[in-house]
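Trainee: Chain residues, written in single-letter form:
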Amino acid sequence: MTLEELRDRMKAARVEIAENRLEVVRRLLTDALRPIHAMDSRANRTLEPAVTFETVRSRGDRGQ
Amino acid sequence: MASEELFYATIRDIGARLRRRALSPVELTRAHLERIEQLDPKLHAFVTVTADRALADAKAAEAALGRGDISSPLLGIPIGYKDIYATRGILTTGGSALLADWVPDEDSTCGTRLQRAGTVMLGKLITHEFAFGIQFPGHRFPAARNPWDLERMPGGSSSGSGAALASGMVFGALGSDTGGSIRGPASFCGIAGLKPTYGRCSRAGVLTLSWTLDHTGPMARTVEDCAYLLQALAGYDAADPASSREPVPDYVAPLGRGVRGLRVGVPREYFFEGIDPEVEKGFEQALATLRQLGATVEDVQIPSIQSAGAFMAIMLAEAFAYHERDLREHPELFGELLRERLLAGGLIMGSEYVQAQRIRARLQAEMSAVLRRVDVLATPTSPKPAPTFAMVYDPDYGFPRGNTGPFNMTGLPALAVPCGFTASGLPISLQITGRPFDETTVLRVGHTYEQATDWHKRHPQM
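Quick mapping for you: the protein sequence lines, in order, are chains A and B. With my numbering applied, the first sequence covers 1 to 64. With my numbering applied, the second sequence covers 1001 to 1462.
Chain A with its partners taken away, still in its complex shape (with noise of 0.2 Å):
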């Protein structure tokens, strides 16, 4: 992420951010969305966002 396009979600959000942290909040971000960016959701189109935990124990499987 850039700076540039920091800012630019931060006038999208309607948010603000001292000009001298907007560095280290790119940073936070950047690492934060590296995977998500790097995520091809082609690849698996079946994959649904995970929001429930139940569980089969004696085989360790979790529901989704």
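In case anyone wonders, no lab produced these hints; they're calculated from the structure. Each hint should be verified, as a subset may be incorrect.
Simulated DEER-style distance windows between Cβ atoms [what the hints assert, rightly or not]:
(1) B:R1245 <-> A:T2: 25 to 35 Å
(2) B:L1333 <-> A:T2: 38 to 48 Å
(3) A:D8 <-> B:Q1461: 34 to 44 Å
(4) B:Q1301 <-> A:N20: 38 to 48 Å
(5) A:A13 <-> B:A1390: 32 to 42 Å
(6) B:G1138 <-> A:H37: 31 to 41 Å
(7) A:E4 <-> B:V1248: 51 to 61 Å
(8) B:Q1301 <-> A:L3: 34 to 44 Å
(9) A:R42 <-> B:Q1461: 53 to 63 Å
(10) B:A1369 <-> A:R42: 30 to 40 Å
(11) A:L3 <-> B:A1051: 18 to 28 Å
Part of the chain B face toward chain A, derived, beta carbon under 7 Å [to be verified]:
(12) T1289
(13) M1312
(14) L1343
(15) V1354
(16) A1361
Quantities reported herein were computed from a predicted structural model and do not represent experimental measurements. We put the beta carbon where it would ideally sit given N, CA and C, even for glycine.
Keeping the supplied structure of chain A fixed, place chain B upon it in accordance with the hints.
Mentor: Okay, now just chain B, sitting in the frame of chain A:
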């Protein structure tokens, strides 16, 4: 002043003394209140010391013991609550100026359950601001200090809980864990801390950081003491939408079964990046100990583990959603660091949040597959020992990538247990993670390792 041995006794030992009337809960509580008065001015672990309440609880425990009531192993045990757990009639600040005067009308479910178990509430323990922002100098609530080195952080966000346990001011504490806030302080303070399975312990009456990542759980000086606390805390709660109806097993009885035949998986990727050599050495020695105890240890792969950093996108977005109104109306009541972290969450797009949740589903599936082949995973809890305050107060200090967040993503039970010290005397910690709702095995592995070592018996010079 009572002896150090008393303050560093385990819940099991002190409980036994109380039940055979060799020690009075009132006497024990008074000794702890004196210790807090002596030590807390330099540790800042407590926001509020509830001396009157503690003595009332202790007298009630004494009366119960007098009636022959020995049903609860926690009866008369002095503990503390992280200050994001609502306490009826008692200040609950969340470490925030926004809630500096908030006195809740109700108790959290966890608090209620510990009270029913007969514990003695010594007070409320400092948390990082809303469990996410470090208190900088000048903040209304000063940051807790690490008893092993006062110039270092005790970890967070359950910072007061970690500091109070390591300094012998409480026997147990409530923590909460969204990305490692139980296990991080446990690691940095040389104590034990369990993040149970998502839904195992109620979040009702606990301030939210991130709905789908928040967990509540116990912290103590030994794994067995965590098991006693978990036994009282675990179970369905209709007041928590994420609460599970999974039956609650006996967590204490199976602790002594050892680890012979258990399979321990070690995911080498991700969890060792940037690791401190002394931490790595301590961890490898812990694996050797587990092998000697009869476990088999093998490397395992979690193919998508490098995407676990998406955890932060979920936490930031959910935290912003929770705090947005207050952030916009009262920004001055948030610490500078917390404010900018929360505002960063407002810059994450809806589609990015959804993709992060899809990554989470993939990680859940992959970890489930690995946990069909092995019984638990082992990793270092934190790749580095506790940082100094000078490091974290540096304006360019970023949010550290830890080894704990992946298990908040996947909701799996994860335990931090001491596994050594650096040459400069800072604690090192082993993280043991298990299958959903299989806290029993996680605790059993941790307890067996702990009993074979003496790290948990070392205490800071206060």
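Trainee: Would you pick out the hints that fail for this structure and give their numbers low to high?
Mentor: 1, 2, 3, 10, 11 and 12
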